[in-house]
Amino acid sequence: MKTEIISSGFGGQGALTIGKFLAKAGMGDGLNVSWLPSYGPEMRGGTANVSVVIADRAIASPLVSYPDILIALNQPSIDKFGSDIKEKGLLIYNTDMCPHGTKRKDIDVIEAPMNSIAREIGSMKVLNMVAIGIVIGKTGLVKYETLENDLTGFLQKKNPDLLELNLIAIKKGIEIGKK
Amino acid sequence: MAEKILMKGNEAVAEAAIRAGCRLYFAYPITPQSELIEYMAKMMPKVDGVFVQAESEVAAINMVYGASGTGRRVMTSSSSPGISLKMEGISYIAGANLPAVIVNVQRGGPGLGDIQPAQGDYFQATKGGGHGDYRLIVLAPSTVQEFADMADLAFDLADKYRNPVMILSDGLLGQMMEPVEFKPSKTKEEMEALDKQHYDWCMYPNEDEPNHHHHEINSLEIDPLILEQHVIKLGKKYDKIEKNEIRYEEYNISDENEVVVVAFGTAARIAKSAIDQLQEEGTSIGMIRPITVWPYPYEAISNVLHEKVRKVVVCELNLGQMVEDVKLAVNGKLPVEFLGKVGGILFTPDEIKAKILGTEGE
Amino acid sequence: MEIIAQRPKSLTDLQFTYCPGCTHGISHRLIAEAMDELDMRNNMMGVAPVGCSVFAYKFFDCDMAEAAHGRAPALATGMKRSRPNMHVFTYQGDGDLAAIGTAEIIHAANRGEHITVFFVNNAIYGMTGGQMAPTTLPGMKTSTSPYGRDEKDIGYPIKVCELLSSLVAPYFIERVSLLSPQDIMKAKKVVKKALQFNKEERGFTFVEFVSTCPTNWGLAPIDAMKWAKENMLPFFPLGNYRDKSVEGGK
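Top line first, the protein sequences correspond to chains A, B and C. Take the numbering used here: the last position of the first sequence gets the number 179, and nothing is skipped along the way. Take the numbering used here: the last position of the second sequence gets the number 362, and nothing is skipped along the way. Take the numbering used here: the last position of the third sequence gets the number 250, and nothing is skipped along the way.
Excised from the complex, chain A in its bound form:
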């Protein structure tokens, strides 16, 4: 198997972090992974995006041109990458920041008001965890347990409250993904 993902949003929304946690979890599950960010001036306010590849064989090109999954946290991300999603691929987007959505009919689409969900849970910081949860719920690409272990490892001592909120957010995402 090989899954190619683009995660994209405004700088500060956590698009790169989504990619990082997915890659780390994939690594924890014993898969090959790569994480390739956009960098430079584009990062300072435009769309920050990252290519993530998770595969059971060696990863040749880490650059994702045609994603299996696009995680779009804002409208410019759909405008930029939406047409590149593979046929029968998956678009996960944040309805709070994507007023126009997508016109494509040949892909799976999961809509979620991620800002509202994160606010309800209690911190905008967990918006990206909602998105990760949706990926897990929909595709089972990485294991929830691996992610939980990883988060627990570095958050339990530093910020147990945030850890709690993160786990709630992931579970909420999984619920949405499974629908």
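Any given hint could be a false lead.
[Claimed, not checked] Straight-line C-alpha distance at most 16 Å; calculated EDC-like pairs for lysine to aspartate or glutamate:
no., chain 1, residue 1, chain 2, residue 2
1, B, LYS4, A, ASP150
2, C, LYS58, B, ASP223
3, C, LYS9, B, ASP276
4, A, LYS179, A, ASP108
5, A, LYS2, B, GLU216
6, A, LYS138, A, GLU120
7, C, LYS58, B, GLU216
8, A, LYS2, B, GLU207
9, A, LYS105, A, GLU120
10, A, LYS143, A, ASP29
11, A, LYS86, B, ASP350
12, B, LYS4, A, ASP29
13, C, LYS9, B, GLU221
14, C, LYS58, B, GLU221
15, C, LYS9, B, GLU209
For the record, the hints were derived by calculation from the structure and aren't laboratory data.
Position chains B and C relative to chain A; hints supplied.
Frame of chain A; chains B and C shown alone:
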């Protein structure tokens, strides 16, 4: 097995350098290698190492020159425009027979160019760049793991031959994260041995006669007859390196190959995707990936031009700089075609497939 | 027989390659004597410049490195940081230090590197054959200012001690001359002071020698000294510009 850590290439090579016994690092910030200098700034104080952010690339490489003269493992890094500035010092380091490791995280050029991945510094790295008859050993990684492993190899080669070694990576390898396993750090005993390995020529604390030494770290020989001998000796060293240190990877090489691809670094990664896809579709393509781009694996290429091979395709993120070396290797036996991307843009596996099949533009 | 004068241990027995009447021999000797007297030779590393004193790496009998033009303070930084228990000095001329190496000297001084810089100012490029230096005086004729240095076109000479003394970090900065026996005796004391501070790891120390170039000035050695006293000293005043060892030091 060591633990796998998900890490950027820039950070992985820095960590690996520290583990390899590098305790001196001098550099100047430039994108896309900034994580490397930042990692060193953070980690060197924790291992009693030296980190100095120099006033320029020129100063940084000359700090390397001075520190290398004391016989200790020292490194600098930069990206293309900064490497140009370092060329003066690199020529002096080579001329003075000094070990040093230089990392180039290439970006688009010429001039300021852009900050995206490119391979436009191939000529500069492998054919000179600085003045005079000298050679750099040039290692070209294509994964973050290999990037990290090359730090260790680069220091070993630098010390073995008393020669500067460049790791020629690019913005993609510097910025991307992949799982890395690190070798253990040098032990105290190994570090002590490293520190003393160059006492026959380096600058270190002295004694009175009869054990007094006067070591000169120098690239100047004003007498032409002496300089002649000095340069001839350098040449012999380069011959030895060409004989002993050629490294390359054979990918999908077989008697069934219809086309042989030659690519290094990031370009080779993307070519592998294309080769895998073509193999699944029933077309056999082999690849030679030079790991040392100097010394260059000419024979490795000429050895795999089996009967069925119709042509050789060179893929690079430049205007075809390595094509010259591949043509030397192929020696007119087969057509050599070229697929390049410039401006910091990457080719896709599809574009490489089209080039291999001759269907581009269709 | 009693030996009353001999070659300092810190100089090799090679013959100097300098022109007759050149002051490099004097400044070399002052530095070597001070190294001997302070017992620093065995822990000393020196950096030679590009210029007439390019062969200084052969003349000082300690470990020596030969730098690219202007880069001596950068080499010295790498050397000192690598072997902090050793002492480091650079020896540089005016073209080397105040033109092509301006960035390196200012930043080494600004970092307060624990090194001593000896700066020989004779207002001209010697080795390359008498071209204009950053310290060439207004109106002074050289092979690249054949009608005299025109300060409106190319600016005024750079006063390095004054420039460096605007920085906070340097520990000791002084300008001396090699223009008379008395001046040389005074210079020796300053050289020794700078190296003493170096040995004690006090910080960045800097000594400028106002000196001569009889060959490229086209003057006999004694006339060159006279000319320098009359023309250089008014522009490059002798004296201390920084001494943090003195209470309320500048």
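Given hint B:GLU216 paired with C:LYS58 - CA-CA distance at most 16 Å: It holds: about 8 Å lies between the C-alpha atoms, which stays within 16 Å.
Satisfaction of hint between B:GLU207 and A:LYS2, Cα-Cα up to 16 Å: Violated, because 64 Å separates the two Cα atoms, which is more than 16 Å.
Restraint status (C-alpha distance of B:LYS4 to A:ASP29 at most 16 Å): Distance of about 12 Å is within 16 Å: holds.
Given hint A:ASP29 paired with A:LYS143 - CA-CA distance at most 16 Å: holds, 7 Å
Hinted pair B:LYS4 and A:ASP150, Cα distance within 16 Å: Answer holds: B:LYS4 to A:ASP150 is near 13 Å, not above 16 Å.
Restraint check for A:LYS2 with B:GLU216, where alpha carbons must lie at most 16 Å apart: Violated, because 57 Å separates the two Cα atoms, which is more than 16 Å.
16 Å limit on alpha-carbon distance, applied to hinted pair C:LYS58 and B:ASP223: holds, 14 Å
Pairwise hint evaluation, B:ASP276 against C:LYS9, where the allowed Cα distance is 16 Å at most: violated, 70 Å
Hinted pair A:LYS138 and A:GLU120, Cα distance within 16 Å: With Cα atoms ~22 Å apart, A:LYS138 and A:GLU120 exceed 16 Å; violated.
Straight-line alpha-carbon gap A:LYS86 to B:ASP350, limit 16 Å: This hinted pair holds, its Cα atoms lying about 14 Å apart.
16 Å Cα cutoff - pair C:LYS58, B:GLU221: holds, 12 Å
16 Å Cα cutoff - pair C:LYS9, B:GLU221: violated, 25 Å
Checked against the numbered hints above, the structure breaks hints 3, 5, 6, 8, 9, 13 and satisfies the rest.
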